[in-house]
Amino acid sequence: MKKILERRETGVFLILAILCFMLSIISPAFLSYTNIKNVLVNNVPLGIMAGGMTFVLITAGIDTSVASQMMFSATWISIFVTKSPLANPVTVLLLAAVIGLCTGAVNGFLISKFSIAPIIVTLGTASIYRGIILVYTNGTWIMNLPDWFTNLCRTWNMIPLPVVYTILIFVISAYILKRTYFGRSVYAIGGNRNAAKYAGVNIGKTIFLTYTYCGLMCGIAGLVIDSILGNCQPSGSTGWEMNAIAAAVIGGTNILGGSGTMAGTAIGVVMMGVIENGLVVAHIPTYYQKLVYGLIILVTVTFDVIRKNFADSRKQTIEMD
Amino acid sequence: MIEKLKTKLTLNEIVLSGAFLFIFLIGIFSNENFLSIRNILSLFQQMSEMGIMAMGLTLVIITGGMDLSSGTTMGLCAVVSGLCLTHGIGLALTFAISLSVAVLCGILNGVLIAVVKIPPMIATLGTQMFFNGIALALSQGNSISGIPEKFYFLGQAKVAGVPLQMILLFAFAAILFIILKKKVIGQQIYSIGNNSKASLYSGIRTTRVILFVYIVCSVLCCFAGNIQVSRVATARADMGTSFLMICISAVVLGGTSIDGGNGGITGTVVGILIFAMIGNIMNLVGISPFWQQLATGSILVLVVVFNKTIEMQKYKIKSRKV
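Residue numbers (the working numbering), protein chains in the order written: chain Z, 1 to 321; chain L, 1 to 322.
Note that these hints are calculated values from the structure, not bench results.
Nothing here was measured: the structure is a model prediction, and the numbers come from that model.
No residue lacks a Cβ here, since even glycine has one placed at the ideal position from N, Cα and C.
Do not rely on the hints blindly, as some may be mistaken.
[Unchecked claim] Partial list, derived from the structure: chain L residues whose beta carbon lies under 8 Å from chain Z: (1) Val115; (2) Met282; (3) Asn283; (4) Gly286; (5) Phe290; (6) Gln293.
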C-alpha cells in the first residue's frame with residue numbers, strides 16, 4: 001500500500017480524479033457516455049505516439065519527428081486505401097507497420113551509428129518526412145476514405161474500438177518495458193549509459209531499436225488517425241510532438257532518462273484530453289488550453305525536481321562525471 | 001598556404017563554407033536575378049528576423065541549454081506590441097513594455113533552469129506553451145491589424161538603401177561576437193557549456209550567467225517579433241513558432257554543438273544565410289515551398305552526418321597511432 005502511495009502515477013492520478021470530480025460538478029454533461037468516449041477517442045493517436053515517445057524519453061533521448069512520422073504514414077495509407085485494389089485490413093496494418101518501422105529505423109540508424117544528438121537528427125528528419133508528403137500531395141487533403149476503413153475505428157456495442165487498440169498497445173509496450181531484456185536495457189541506458197555499457201548492454205542496438213519502436217507506434221497512430229477522421233490532411237497535426245512529450249512528462253517520465261512507465265503516460269494523455277475537454281465544458285475559450293498545459297507541466301516538473309533535490313540532499317552521494 | 005588554412009579553420013568551418021559556396025553557385029546558375037542588389041537586400045530583409053532569434057539561441061545552446069520557448073516569446077512580444085500600438089500608446093513606451101515582457105520571460109526561463117534546476121528542455125517546453133497561451137489569451141486568438149504607420153520604420157525603412165533590420169542584424173551580431181570572444185562573461189558562457197560544475201567550483205557565478213543568457217535570448221526574440229510586426233503590419237500569437245526549428249537547425253549547422261561548450265555567432269549567421277538562400281532560390285525559380293522544407297531537413301542531416309563521419313575517422317586514426 002505504501003508503495004502504491006509513493007509512486008508518481010498515484011499523485012497524477014489523484015489530480016486527474018479531482019479534476020474530473022470538479023468538472024462533473026460544473027457540468028453534468030462531462031460524465032456522459034458520449035463525452036467520455038469523445039475525449040478518449042480524440043486522444044488515441046496522441047496516446048499511441050506518446051507511448052512510443054515514452055521509450056525514447058526513458059533512454060534520455062527525444063524524438064521531435066513523431067508528428068511528421070505519423071502524418072507520413074497516414075498520408076501513404078490514405079493514398080493506398082483510396083487507390084489500391086489490394087487494400088484490406090491486413091495489408092493496411094502491414095503497410096502502417098512497415099512505414100513506421102522504416103521512418104523509425106532511419107532515425108535510429110542516424111542516432112546510433114553516428115552518435116549525433118537525437119534532437120538534431122529528429123529535427124532534420126521531421127522536415128524531411130513532412131516535406132516528402134507535402135511535395136507528393138501538394139498539400140491537398142485526401143478525402144473520402146472507404147467505409148470499411150473508417151469502420152476499423154467505429155464504436156462497436158458501446159465499445160469504441162480505437163480505445164481498445166490503444167489499451168492493447170499500452171499493455172504490450174508495458175510488458176516489453178518491464179519484462180524483456182530490451183526493455184530493461186532501455187531503462188539501464190537512461191539511468192547510466194556507461195554503467196549499462198560495462199554491464200554488457202549493446203548501446204547502439206538498443207538505441208536503434210528504441211527509435212524503431214517509436215516509429216512503429218507513429219506508423220500505427222497514422223493508421224488510427226486516418227480511420228478516425230475519415231480523411232487525411234498532410235499538413236495537419238503540427239506541433240503534436242510537443243503534446244506527446246508533455247503527456248509523457250506529466251505522467252512522470254523523466255526527460256533526463258531512466259524512469260517512466262506506460263501507465264503514467266496513459267494517465268498523462270487522459271489528463272491532457274480531460275483538460276482540453278474541461279475547458280470546453282466550462283465554457284472557457286480554447287486558447288487558454290495552451291496556458292493551462294504549460295502551467296501544469298511547469299508545476300508538476302518543478303514539484304518533481306524539488307522533491308528529488310530534497311531526497312538527494314539527505315543522501316550522501318559521490319558524483320563522477 | 002593550404003596547410004596554414006587547415007590549421008586555422010576547423011573541420012566544420014570548411015564544411016559550412018563548402019555548403020555555402022555550393023548553394024551560392026546553384027543560385028548564380030539557376031537565375032540571373034539572384035546576384036542583383038535588390039534580391040540580395042530582400043534576402044537579408046527576410047532572414048534578419050530569423051537571424052536575430054538564432055543568435056540568441058546560439059548563446060543559450062553554447063551554455064548547454066535549450067530555449068524551446070523562443071518562438072512563442074517572439075509571438076508574445078509581437079502581440080503585446082500590437083496591442084499597445086492599436087490602443088494608442090506611444091512608440092517608446094510600446095518598446096519599453098514589449099522589452100520588459102521579454103525580460104520577464106527570460107527571467108522566468110532562467111530561474112526555472114538555473115535556480116530550480118529543471119532541465120532546460122522541459123522548463124522551456126512548459127514556458128513555450130505558457131507564453132503561447134498568454135499571447136493567445138491576450139489577442140483572443142485573432143490577428144491584430146491596424147498597426148499605426150509610424151511603426152513601419154522598423155521593418156520597412158531603409159538607411160542609405162540598406163534595410164534597417166539588416167543593419168540591426170549585423171549590429172547584434174557584432175555585439176554578441178565581441179561579448180563571446182572578448183568579454184569575461186563570454187568566456188564564462190563557454191566554460192559553463194563545457195563543464196558547469198567545474199565552472200561553479202572555479203568561482204563563476206553560473207546562476208547569474210545562465211540568467212543573463214536566457215534574458216538576452218528573450219530580448220533578441222522580442223526584437224525579432226517587433227521587426228516582423230512592423231514588416232507585415234499585423235501581430236499574431238503564432239508568429240515565431242515556425243522559426244524555432246529552422247533557428248535550432250541553423251545554430252547546429254553553424255557549428256555550435258548541441259551539448260554546449262563551443263560554437264559562435266559567425267557560424268549561426270552563415271547557417272541562417274544558407275537556409276535563407278535556399279528559400280530565396282526556390283522562390284526565384286518558382287519551386288513550391290514544400291520542397292523548401294525537404295531541402296532544409298536534408299541539408300541539416302547531411303551536413304551533420306558528414307561532419308560526424310570525418311570526425312570519427314580522425315578519431316580512429318588517432319587511436320590507432322596511440
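Now the hints, each set against the structure:
no.: 1; hint: Val115; verdict: 10 Å, violated
no.: 2; hint: Met282; verdict: 12 Å, violated
no.: 3; hint: Asn283; verdict: 16 Å, violated
no.: 4; hint: Gly286; verdict: 14 Å, violated
no.: 5; hint: Phe290; verdict: 4 Å, holds
no.: 6; hint: Gln293; verdict: 4 Å, holds
Going down the numbered hints, you'll see the structure goes against 1, 2, 3, 4, while the others check out.
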